[in-house]
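Asks: One letter stands for each residue in the lines below.
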Amino acid sequence: MGNTKSLTSALLAVAALAVTGCSGGGAPSTETATAPADPGKATGSITVLTQRTDLVQSGAMDAYASEFNKVYPKVKVKFEGLTDYEGEVKIRMNTENYGDVLMIPASVAKNDYPKFFAPLGTSIRMADRYRFSDKSAVGNKVYGIAQFGTANGFVYNKALWKKAGITAWPTTPDEFLAGLEAIKTKTGATSYYTNFKDGWPLVQWTTNIGSVTCDENATNKLAGPSSPWKQGSELQVIDTLLHDIVKRKLSEKDPSTTNWEASKTKLAKGEIGSMMVGSWSITQMQDAAEKAGRNPADIGYMPLPVLKGDGHCATLVSDYQQAVNVHSEHKEAARAWIDWFTEKSGYSTEEGAVPTLKSAPMPSTLKDFVDNDVTFTERSETETGKVNDIDNAAEIGLNKPDYRQKLIDIARGAQKGSLDDYFTELNKRWDEAAKSVGS
Amino acid sequence: MTRTTEAGEKTHRAAPARRRTTAASRTGPSHRSPGQLLRRATPWLFLVAPLALLITFTYVPVANMIYYSFTDWDGISPDRNFTGSDNYVQIFTRPELFRVFFVSLYYLAASGLQIAVALYFATVLSFNLWFRNLFKGLLFFPYLINGVAIGFVFLYFFQDGGTLDSVLSWMGAETDHAWLGDPASANTSLAGVSVWRFTGLNFVLFLGAIQSIPGELYEAAQLDGATRWQQFRHIIAPSIKPILSLSIILAVSGSLAVFEIPYIMTGGATGTSTFVIQTVKLAFQFNKTGLASAAAVVLLLIILLITWVQRRLVPDDKVDLV
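Sequence order for the protein chains is Z and E. Take the first sequence: its position 161, counted from the start at 1, is 161 in the numbering used here, and no numbers get skipped. Take the second sequence: its position 303, counted from the start at 1, is 303 in the numbering used here, and no numbers get skipped.
Because the hints were derived from the structure by calculation, they are not lab data. It is possible that some hints are incorrect.
Cross-link-like lysine-lysine pairs, in silico, DSS-like; alpha carbons within 30 Å at most [what the hints assert, rightly or not]:
| id | chain 1 | residue 1 | chain 2 | residue 2 |
| --- | --- | --- | --- | --- |
| 1 | Z | K308 | Z | K158 |
| 2 | E | K281 | Z | K416 |
| 3 | E | K241 | Z | K253 |
| 4 | Z | K115 | Z | K141 |
| 5 | Z | K247 | E | K281 |
| 6 | Z | K253 | Z | K308 |
| 7 | Z | K406 | Z | K266 |
| 8 | Z | K269 | Z | K247 |
| 9 | Z | K76 | Z | K41 |
| 10 | Z | K221 | E | K281 |
| 11 | Z | K249 | Z | K186 |
| 12 | Z | K162 | Z | K367 |
| 13 | Z | K115 | E | K136 |
| 14 | Z | K416 | Z | K247 |
| 15 | Z | K41 | Z | K115 |
| 16 | Z | K358 | Z | K221 |
| 17 | Z | K70 | Z | K90 |
| 18 | Z | K308 | Z | K162 |
| 19 | Z | K186 | Z | K158 |
| 20 | E | K281 | Z | K406 |
| 21 | Z | K428 | E | K241 |
| 22 | Z | K90 | Z | K115 |
| 23 | E | K281 | Z | K230 |
| 24 | Z | K386 | E | K281 |
| 25 | E | K136 | Z | K90 |
| 26 | Z | K230 | Z | K308 |
| 27 | E | K241 | Z | K435 |
| 28 | Z | K162 | Z | K70 |
| 29 | Z | K386 | Z | K230 |
The following residues of chain Z were derived to be distant from chain E, with all beta-carbon distances above 10 Å [as the list claims (entries may be wrong)]:
| id | residue |
| --- | --- |
| 30 | N94 |
| 31 | E329 |
| 32 | S345 |
One-sided and incomplete, this derived list gives chain Z residues near chain E with beta-carbon spacing under 7 Å [claimed, not checked]:
| id | residue |
| --- | --- |
| 33 | M93 |
| 34 | D112 |
| 35 | K115 |
| 36 | K249 |
| 37 | K253 |
| 38 | S256 |
| 39 | E378 |
| 40 | T382 |
Glycine included, C-beta positions come from ideal geometry on N, C-alpha and C.
Turn these sequences into a full structure, and let the hints steer you where they fit.
Replies: So, in structure tokens, the structure goes:
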């Protein structure tokens, strides 16, 4: 059959093409992207990829751009809001066309940063000026500047906690659990909401690594066969607390059908006592309270119920980091935008977030933290690349919901196993992966 | 859980197309002039567009996937190292990667039910009944709804205090059950959604096959005093055998490759993860694109193998009733 033969050879040719071709990526550029000293000199049209589709649609981003144009009149800024930011950018990064300014997707390996992004400055100089700069430092160069950062802890409904008779922040996990118990029995509200179905809120627990021991190097210490869930470790304390909340039935009855959007209103109305989410959520909760006709001042934020010395600690972690595409034609303009947006736009104040600029004050949403002398632990992220490699190799996913969903399933008896066995298994997987990655 | 449209169309359309080409080549004379060359090339010219599409969107991606399955690519990095059969060795030496196939048993059982229900309704509605077309429409309707929408609808349906709970409470059964809360009931619920969605498709296929049976056969059977069951057993069942075996193949491969419904409704939590969900997670969560490609290749091979075995067991002989 001649037809089959020619078809087969055509297919083989195509396959050979597919295999040999299309592995893009040129030589990495080492030229630092700097904003020109004279704003009038920055020219060109730049595209900014952002995950904030809401701000692009509402026109808030364009408003920022027109403010920016008052300083840099010759730069045209376009925005591209991507709903599935991680997924879409990851695929686009196989080409050279991924905007001029973009947020570094979490899935890009840290050591690959120089292949994709232009360096923004040396580590020492950037660390003087900005928080979180070591998160994107490779070698002695920094590749990203955080949009802003968040402090971590529980968002809670103050009025509801007061109604249950608790006014002071709990200082131990047991006190916290007792507090949740009191809310459940005295008010009938759901004391804690896991957001199990949406998944990502479970990841927020991980951002607290460092709050337990107030150690800035807490994540760096995971970069090796360190058994992260051993007795007394950060993750052991954090995950045991979550486990106990669910085990004592202090969380919602049916976690498999939770709903994040609805949970905001419920918390604002006092139907939910507390949730573990970053401080970025405070403004959203206050909005929800206003819309539901409740008092936004009822929304409170508390640190992890653990004391170090006589005070609480709360980790500060970086949000998305903005970077300049290494293939960009207008690196100067792109850098000018990043600098202006981070320092002068007022974006982080608007979002109630921790500013990237070290000299700027803490936001009003964290007033309780500042007033109560909570120590902010600015976590070092120098070893994050290696930690992520181990995490991926072990298929645990510290920043993915799956392993905590299983933890919750174990706690509520939907899956077989005990907490200790699960921790042992996780430790084993982590340590084995660490050895294979380290070799 | 079956995607039958494409395959179904193929079996219907392949035959006439083939007949046309053979006819064209037979009439071609032995000596060649430019006009005749063009005439010979004509079928191929018509095929250029579909072949180009087929190659670009089916064979090139598959070839790429097979290539990735031999590398340690993470899905983004410009570098990828050739690791030989390492990924395949991993897949076959890590039992937990295969454990998810147990979940497929729920869907396999469900597709048995699905085929039985579809067959029953197709048979009943192929006779003259009141509101026949209305019932046909009702049964086929779920298949027309987008799978994502179905996922969301049923998420509310199974919610604590959702539609299912309220309907049960109207009937006096007070249930306090988290339907998606434990592995057994979650998988059963999800498989139920899948039955709801795909029964219509099987039903339409069966109905089409049944209606192609000449009416005289029933008349003759009735004259001979055959009951409805005997008519089904000796006329309907044998004449729709090819469609039935096609449905079973699609049901089996569909059960192994379930994705949409559990991914949207539970994201694979609480023991509802299927092989495809696991593959997606390997690729996009843990950046193991190489390993995930190997898993996809393995799934493809398993499905090909099952289809081959099934074709061997139930050969596709020609149906000849008259």
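Asks: State for each hint whether it applies.
Replies: Results for each hint:
1. Z/K308 x Z/K158: holds, 24 Å
2. E/K281 x Z/K416: holds, 22 Å
3. E/K241 x Z/K253: violated, 48 Å
4. Z/K115 x Z/K141: holds, 13 Å
5. Z/K247 x E/K281: holds, 27 Å
6. Z/K253 x Z/K308: This hinted pair is violated, its Cα atoms lying about 33 Å apart.
7. Z/K406 x Z/K266: holds, 25 Å
8. Z/K269 x Z/K247: holds, 25 Å
9. Z/K76 x Z/K41: holds, 13 Å
10. Z/K221 x E/K281: With Cα atoms ~26 Å apart, Z/K221 and E/K281 stay inside 30 Å; holds.
11. Z/K249 x Z/K186: Since the Cα atoms of Z/K249 and Z/K186 sit roughly 15 Å apart, the hinted pair holds (cutoff 30 Å).
12. Z/K162 x Z/K367: This hinted pair holds, its Cα atoms lying about 19 Å apart.
13. Z/K115 x E/K136: violated, 58 Å
14. Z/K416 x Z/K247: Holds, at roughly 13 Å.
15. Z/K41 x Z/K115: Holds, at roughly 27 Å.
16. Z/K358 x Z/K221: Distance of about 25 Å is within 30 Å: holds.
17. Z/K70 x Z/K90: Between Z/K70 and Z/K90 the Cα gap is close to 33 Å, so the pair fails against 30 Å, i.e. violated.
18. Z/K308 x Z/K162: holds, 25 Å
19. Z/K186 x Z/K158: holds, 15 Å
20. E/K281 x Z/K406: With Cα atoms ~15 Å apart, E/K281 and Z/K406 stay inside 30 Å; holds.
21. Z/K428 x E/K241: Violated: Z/K428 and E/K241 sit about 53 Å apart, past 30 Å.
22. Z/K90 x Z/K115: holds, 14 Å
23. E/K281 x Z/K230: holds, 27 Å
24. Z/K386 x E/K281: holds, 20 Å
25. E/K136 x Z/K90: violated, 45 Å
26. Z/K230 x Z/K308: holds, 19 Å
27. E/K241 x Z/K435: violated, 56 Å
28. Z/K162 x Z/K70: violated, 49 Å
29. Z/K386 x Z/K230: holds, 20 Å
30. N94: violated, 7 Å
31. E329: holds, 20 Å
32. S345: Z/S345 clear of chain E: closest Cβ-Cβ about 29 Å, beyond 10 Å.
33. M93: Cβ of Z/M93 sits 5 Å from chain E, so the hint holds.
34. D112: Because about 5 Å separates Z/D112 from the closest Cβ in chain E, which is inside the 7 Å limit, the hint holds.
35. K115: holds, 6 Å
36. K249: Given a least distance of 12 Å, the restraint on Z/K249 is violated.
37. K253: Since chain E brings a Cβ to about 6 Å from Z/K253, closer than 7 Å, the hint holds.
38. S256: Status holds, d = 4 Å.
39. E378: violated, 27 Å
40. T382: Because about 20 Å separates Z/T382 from the closest Cβ in chain E, which is outside the 7 Å limit, the hint is violated.
The structure does not agree with the numbered hints 3, 6, 13, 17, 21, 25, 27, 28, 30, 36, 39 and 40 stated previously, though it agrees with the rest.
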